[in-house]
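Asker: Dock chain to chain to rebuild the complex, using the hints, since each chain is given by itself in its own frame.
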Amino acid sequence: MRTIEALPAQSAAPGEVKRPIAWARWLPAIGAGAVLAYLVLVPLLLMLVSSLRPGGFPLDPGWTFANYATVYGAAGFPRLVGTTIAFAIGSTALALALGIALAWLIERTDLPLRGTIRALVILPMATPPILLAIGWAMLLSPRTGFFNLLIRDVFGLAQSPFNVFSLGGMIFVEGLSLVPTTFLFLSPAFRNMDPSLEEAAITSGAGIGMLLRRILLPMLWPSILAAGAFLLIVCLVVFDIPGTLGMPARIFVLSTQIYYLAVDSPTGVPLYGQVSALAAFFLCILFVLGWAYHRLTRQAQRYRTITGKGFRPRLMRLGGWRWVAFAGVSAYFLLAVVAPLAILFWTSLMPYQTRVTWAALDLVTLDNHIDFFANRRVLEAAGNSLTVALVAATAVALISVVLAWLVVRAKIPGARLLDGLAFAPVAMPGVMLGVALVYVYLTLDLGFAVYGTIWIIAIAYVTHYVSFGTRLANGVMVQLHPELEEAGAASGASTVRVLRRITLPLIWPAVVAIWIWVVAHALRELSTALMLQGRGNVVVPTLLWDYWSGGEPNRAAAVGVWLVVALVIFLSLWQAVARSRLERSS
Amino acid sequence: MTRMNLDRRGFLAVAAGAALAGVAQPARAAVTDDTLNQLAASAARAGSILWYESSPRDQIDRVIAAFTQRFPAVRLEHVRDTGGNAMAGRVIQEVQGNTRTCDVGTNSASVIWQLVGRNMVERVDWAARGADARLAPTPFTLLTTASTYVILSNSRMVSDADAPRTWEDLANPRWREKFGTWIRSEGLTSLAAVWGEDRVARYIEQLNAQRPFLFKSTFPLAQQLAAGEVAVALGIYHTAQPPIRRGAPIRVTVPDPAAISSLFSFLPTAGRNKDGGLLLALWLATPGGAQAYEQATGRGNYLIEGTETARLLAGRTVAEFTPDQTERMLPILTRFNNMLQNGGGREVD
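Those protein sequences? They're chains A and B, same order as listed. Note that this note's numbering numbers the first sequence so that position 309 is 309, with each residue one more than the last. Note that this note's numbering numbers the second sequence so that position 300 is 886, with each residue one more than the last.
Be aware that one or more of the hints could be misleading.
Now the stretches of chain B that chain A is said to cover, found in silico as 3 or more residues with beta-carbon under 8 Å [said to hold, decoys possible]:
id: 1; stretch: 635–649
id: 2; stretch: 663–674
id: 3; stretch: 914–921
Treat the hints as calculated values from the structure; they're not laboratory data. Glycine is no exception: its CB is placed at the ideal position from the N, C-alpha and C atoms.
Okay, chain B solo, but in the shape it has when bound (with noise of 0.2 Å):
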C-alpha cells in the first residue's frame, strides 16, 4: 500500500468508469484463503484491529465471533460509531491529535469521500487482493453491505389486495395522512440514478401531497407502523426486521428498481494494524464473511452469492449512484431533503 497525495478530481479520476447501477448479479472473483492467511499472520503481530462501524454492539460481537472463528490468533475491536456524519469527525480529529484511529472503518461514499479529499484514506489494489471489481469501485472503498429500501404496510390495517408493491402505488391518495417516511432522502436520491432527478422531484411532490409523518430514522418508523401510527411506510429492509423478528404485523415488499444506500470498507492512512484492517475489509467481501455480518445486523452484500440481500434483489435494477458520482449526488440529495422537509414540494434554500 502506498500513501498518496489525492484531491477530489483525482479521486474521481480513478474511480472513473466504476457503475454499481444496473441489475443485480454476484460477483465473480474471490477473494483467496491464502490472501487472508497470509493477512491474519501480519496483522496478529500488529497487535488488535480497531473498526468504526454503526451498528450496535450487541450486533457487532456476533460478527466478531466468526471473524474470531475463523482467525483465533487475531483481534478485533470495534468501536460504534453514531451514524451520519459522525465518523468523519471522529477519524478527522484523531488524525489531527496525532492519537490511534481506526485501522478500518465501514461508512457511506459520501463520508469517505471526505477524508480521500484530506488524504486520509489508504489507495488499494483491491484486485490484485482478489476483489471483484463490482465489490471495489474505487481503490479507496470495497462493499461490505446496503441498506434496502422497501414499502412497508401493517397488515393488520392493510389487507393483502390493497398493500402497496410499487412506488407508484405509495402515492396513490388513499394513503394519505397514513403514510410515513424517512425525513432523508437517501433512498429517492438512489431512485434517481434509475429514473432520473426531474422524474424523482415530481414523485417526491406526490408524496408530499399525501402529507406524510416524517421520521428522523427508520427504525422509529418500523415501529411506528406496528403500532398503527401510519398504515404504510417507506422504509428500509434491516431496520424494520427487529419488530418483524418479534412478531409486529408489518409487510415488506422490495419495489422495482430497488434503491439501495451502499456502505463500504476503507481504511484511514493513519491505522497502525494496516494488514489487519485489510483483512478485515476482505474478509467481509467472502461469502463467509458477508453472511456472518448479515445475520448479525440484518443488512448484508448483494453482490456476495448466499446473501438475503442477493436474493432480495434477484432481477431487480438496482438503483444507486456510484461512489465516483458522489459530487454529482450530493445536491440532489440536498435539494430533495429540502423538498421532503419542507413539504408540498416547495424547496427550501
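Just chain A, with the same shape it has in the complex (with noise of 0.2 Å):
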C-alpha cells in the first residue's frame, strides 16, 4: 500500500459532493430504496416466506422451521458443502488470474492485435452454459473427447490425459466460461489507471512480479474483490456445468442439490421451501462477502487513481516479453475461445453428437441453421430477446451507476444497506426469483398484463443482473477521486451537470462493460425465461430449449452459433460506433 500512499490523492481532504440539508440527504436513500424493494426486497422476503412454509409456497398456511432442518440436518450435507466450496474458490480463483492478466496485458501494455482480442476475449458469454459444457465434454471426455484423443494419438498413450468429467474438469471449465465476465469487470480498472504509477516503479528498477504485487494488485484491490464476491456467489448458484459434467461422475454441488428438489424431487411437487431454506446459506455467505468487501475498501480514498492530475492513458512497452505474451494470450484464446465455438460450430454441423473426426465430415449439413431459420417462431423470438435485452441492460446499466453514485460518493444514509440489497440477488437461485416474481405479478394490479409478457422476463432480468452491475460500477468508482467533481461544482456546475460532464465520461468503460455483459447474458439465460414462459413471451434461448430438451443438441447447437454470429454483428456496430464518436471528438 506504501507505493498508493504517495498518491496526490491521499494529501486531499477527504471531500465528498457538497451535503444538502438534512431532511433532503434522505430523498435519494427514500428513492433508491424504492426501486430496490420492489425489484429486490420483494421477491427477497418471498423467497424467506417460503422457507418457512410446510408446502413451500409463499401462499400457503402454516409456518415451520422443518425445511431447513431438513435440508441442513441431512447426512450428506457438509460433504456438499465441501465439494461446492472446493468448485467456487477454485473457479473463482482461475477466473481471477485469467481475468486480471488479460485486463493487464489489453489495457495496460502494447500487446499484438489488442484491439481485436479485447472483442473477441468476450465471445464465449453468448454461448449458453449448457452449450458450453457439452462442448467442453465433447473436448476432453475421457473416451471420445477430441483434445484426448489427439494427444493420445501423437504421444501414443494408452490413457487419456484428461478427464472433464471431474471436479478438476469442472473447475477448470466453470473457470474459464467467467474469464469474459471477469475481464469485463477489472478492465475498465486498469484503462483508469495512472501509468507514472507503473513508470516510475520500472524506472526504480522494479519487474513485472513486483509491479504486480506492489503497484497493480493493490491499487485495484476494490475491483478485484468486488469481481471475485460477484465470482465465488455465481459459482455457488451455477448449475449447467456442475450437471454437465458432474452428474456424470457423481459429483454434486449445492445448485444441483437445488435442481433435484425443484425439479426432480419424487415428490410430484417443487420443494420450494427447501429450495429456499438453501438459498439462505448463499445469501448468509453473500452478507460475510459484503462484510468483508467494506472491511478491506473502508479506506476509499486509498484506491483513487483518476485524480485532478491530468495524465494520458500511456501503454507500457513489454519489449522482449511482447511476442511472449502474445503466444500466451493466442494459447488462452485457441483454448477458451476458438475450441469450444469452434466445437460448437461442429455440434451444428452434424445430425447428432459425434465426435470429431475425418470420417465424420461425410455426415455434414446444415439442416440444423435452415431448421433454425424455418421456424415460425425465429423472428417472434429473436425481437421479444432484442427487446428484452436491450430494456434490461439499459435499466441496469442506469440503476448500477445512479446506486454507485449514491453509495461510494454521495454516501447516502443507508448506503451500505442499499449496497447489500443491490448485491443480494446474485445468490437467489433464478428459480426462486422467478416463483416469486410469479407471485408478485399475479397478485399485483398495475392496470396493464406483466404475467406471461416479456416484461416480466426484463424485470426479473434487471433484478437478477444489477448485482452484477452494482459491483462494477462500486469498482470503478471507488477509483474516482471527489476532487474532481469538487471542481466543476466550484466552477458553478449543478449536480447533475457534474455528474454528465464529468462523473459519466469518466466512469464510461464501465458502463458500457455493464450494457454488454448484461446484453449478453440477457440473450442466452434459461433458467428464469423458462419458469415466467407463457403463451406470449418466447424468446430465443426459449427455442434453444425446446432443441434440446426434444433430445436436438445439434440444432440447439446452431442457436448457439446464431447467438454468438449476434452477438459479433452487435460489438462490430458498438465499436464501429465507438470509433466515429472518437474521431468527431478529436
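Answerer: Encoded structure:
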C-alpha cells in the first residue's frame, strides 16, 4: 500500500459532494430504496416466507422451520458444502488469475492486436452454458474427447490424459467460462489507472512480478475484491456446468441439490421451501463477503487513481516479452474461445452428436441451421429477446451507476444497506426469483398485464443482473477522486451537470461493460425465462431449450452459433460507433 | 362435473382397484364421435383451450394441427411445461394468484396426486364419457401416453451377438465403465411393481458395480451413446428417437418385463374451458388423437390399438405402479434415486 499512499489523492481533503440540508439527504435514499425494495426486497421476502411454509409456496398456510432442519440436517450436507466450496474457490481463482492477466495485457501494455483480442475475448459469453459444457465434454471426455484422442495419437498413450467428468474438469470449464465476466469487471479499472505509477516503479528497477504485487494489485484491490465476491457467489449457484460434467461422475454440489429439489424430487411438487432454505445459506455467504468487502475497502481514498492531476493513458512497453505475452494470450484464446466455439460450430453441422473425425465430415449438413430459420417462431423470439436484452441492459446500467454514485460518492444514509440489497439477487436461485415474481405480478394490479409477457422476464433480468452492475460500477467509482467533481461544482455546475459532464464520461468504460455483459447474458439466459414463459413471451433461449430438451442438441448448437453471430454483429456495430465518436471528438 | 373436497385418503379410496400392471392389451371401450362433437360445440363457445404439457413446441404444433383439423371451431393453445415437478408449481401458483390456469394438463401420477391433495383437480366420470376403465384408473386421470424404458447399444461398438437384450445382460461386468443411465430411477422403480422392491434394490447394486455414467436427462444419454462415450445404456424409447431418425448407430431392445412411466391428462378445477379440457383429454385417448400425439412426440399410449407403443409392448409384461399406488411408490423412488446417486449401492439419508 505504501506505493499508493504516495498519490496526491492521499493528501487531498476527503471532501465529498456538497451536502444538501438534512431532510433532503434522505430523499435519494428513499428513492433508491423504493426501487430496490420493488426489485429485490419483495422477492427476497417471498423467498424467506417460502422457506418457512410447510408446503413451500409463499401463500400456503402454516409456519415451520422443518425445511431448514431437513436441508441442513441431511447426512450428506457437510460433504456437499465441502465439494461446493472447493468448486467455487477453484473456479473463482482460475477466472481471476486469467482475467487479471488478460485485462492488464490488453488495457495496459502494447500487446499486438489488442483491439481485436478485446472484442473477441468476450464472445464465449453469448454461448449458453449448457452448450459450453457439452462442447467441453466433446473436447475433454475420456473416451471421445477431441484433445484426449489427439494427445493419445500424438504421444502413443494408452490412457486419456484428461477427464472432464471430474472436480478438476468442472473447475477448469467453469473458470474459463467466467473469464469474460472477470475481464469486463477489471478492464475499466485497468484502463482508468494513471500509468505514471507503473512507469515510476519500472524506472526504479521493479520487475513485472513486483509491479503486479506492489502496484497493480493493491491499487485495483476494490475491483478485484468486487469481482471475486461476485464470481464466488455465481459459482455457488451455477448449475449447468456442474450438472453436465459433475453428475455423470456422481460429483454433486449445492446447485445440483437445488435443481433436484425444485425439479426432480420424487414428491410430484417442487420443494420450494427447501430450495429457499438452501438459498438462505448463499445469502449468509453473500453478506459475509459484502461485510469483508466493506472492511477491506473502507479507506476508499487509498484506491483513487483518477485524480485532478491530468494523465494520458499510456501503454507499457513489454519489449522482448511482447511476443511471449502474445503467444500466451493466443494459447488462452485458442483454448477458451476458439476451441469451444469451433466444437459448437461442428456440433451444429452434425445430424447427431459425434466425435470430431475426418470420417464424420461425410455427415456434415446445414439442416440444423435451415431448421432454425424455418421455425416460424424465430422472428418473434428474436424480437422479444432483443427487446428484453436492450431494456434490461439499459435499466441495469442506469440503476447501477446511480446506486454506485449514491453509495460510494454521495454516501447517503443507509448506503451500505442499499449496497447489500443490490448485491443480494445474485444469491437467489433463478427458480426462486421466478417463483417470487410470479406471485408479485399475479397479486399486484398494475393496470396492465405483466405475468406471461416479456416484461416479467425483463424485470427478472434487471433484478438478477443489478448485482453485477453495481459491483462493477462501485469498483470503478472508488477509483474516482472527488476533486474532479468538486472542481466542477466550484465552477458553478449543478450536481446533474457534474454527473453528466465529469462523472459519467470517466466511468463510461464501466457503463459500457455493464451494458454489454447484460445484453450477452440476457440473450442467452434460460432458467428464469423458462420459469416465466407464457403464451406470448417466447425468447431465443426458450427455442434453444425446445431443441435441447427435445433431444436435438445439434439444432440447439445452431441456435448457439447464431447467438454468437448476433453478438459479433452487435460488438462490431458498437466498436464502429465508438470509433466514429472518437474521431469526431478528436 | 362436480367439485369435491378430497384428501389423499379419498383420492386413494376412489382409485382403489385400478391396476395397470399386466400383459399389454388394447383398451376396449371407445369415446364416440357424438360425445366429442357435443363437447367441441360447447368448448368453442367457451374460448380457447389452454393445455400444459412438456413436449417441445414444434412437436405439439403437429398435434394442434391434427386437433384443429378434427375440430375446426375449437382453438387449442399450448404452454410448454419444463418437466419434472414444474407443472404442479405453476398450477398451484396460478390458482393461489387467482389467474387463469390450464384447462387440461398432462403429467405423471405423482404430480397430479399433489394437485388432487390440494383439491385442484376435477373428478370426472370417464366411463360415462366412453373411456375404457384401464385408460382411466382414477376419476382424476385419463391415460394419454407412456415413456417406455429400453436397452440401447451403439451398433458400431457392440455387435448384434453381444448386444444386451435383458435386464440381466445390462449387469454383465463386460459393460463396466461403458454403461450409462438416467440419474433418476423411474424405470427401475416401475420394474419393482413386477420384481418387487428388494430384487430391484439388489439389481441396482449390480448396476452400480458397473460404475455407470449418470445423465440428468435421457436425451443427452442417447446422444452420448451415439457419440460413443458409452457403449450401452438404459434409456427411454422416445428420447432415443431423434438421433436414430438422423442416422445415429443406436440399437433398441425392449426388455421383458417392460418398465413404463405413464402420463395422464387431468382437468384443473380452476380451468375456464372445462368442456374444452375434457374434449382434448378424451380425443387424445382415441385412436386418431393417440396416433397424432405419438407421431409428433415419439411416445404413445400402449393401450390404444394401432399405436407404435402398443406394437412395441405387445406380449410383454408391463411394469408400473398404478396412480393409486403413488403413496407406496414414492419412498421406493426416493430410495432408488439415492442408491443410484450415491453409487456402490450405499444409500444416502
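Asker: Could you check the structure against the hints above and give me the numbers of any it violates, in ascending order?
Answerer: none
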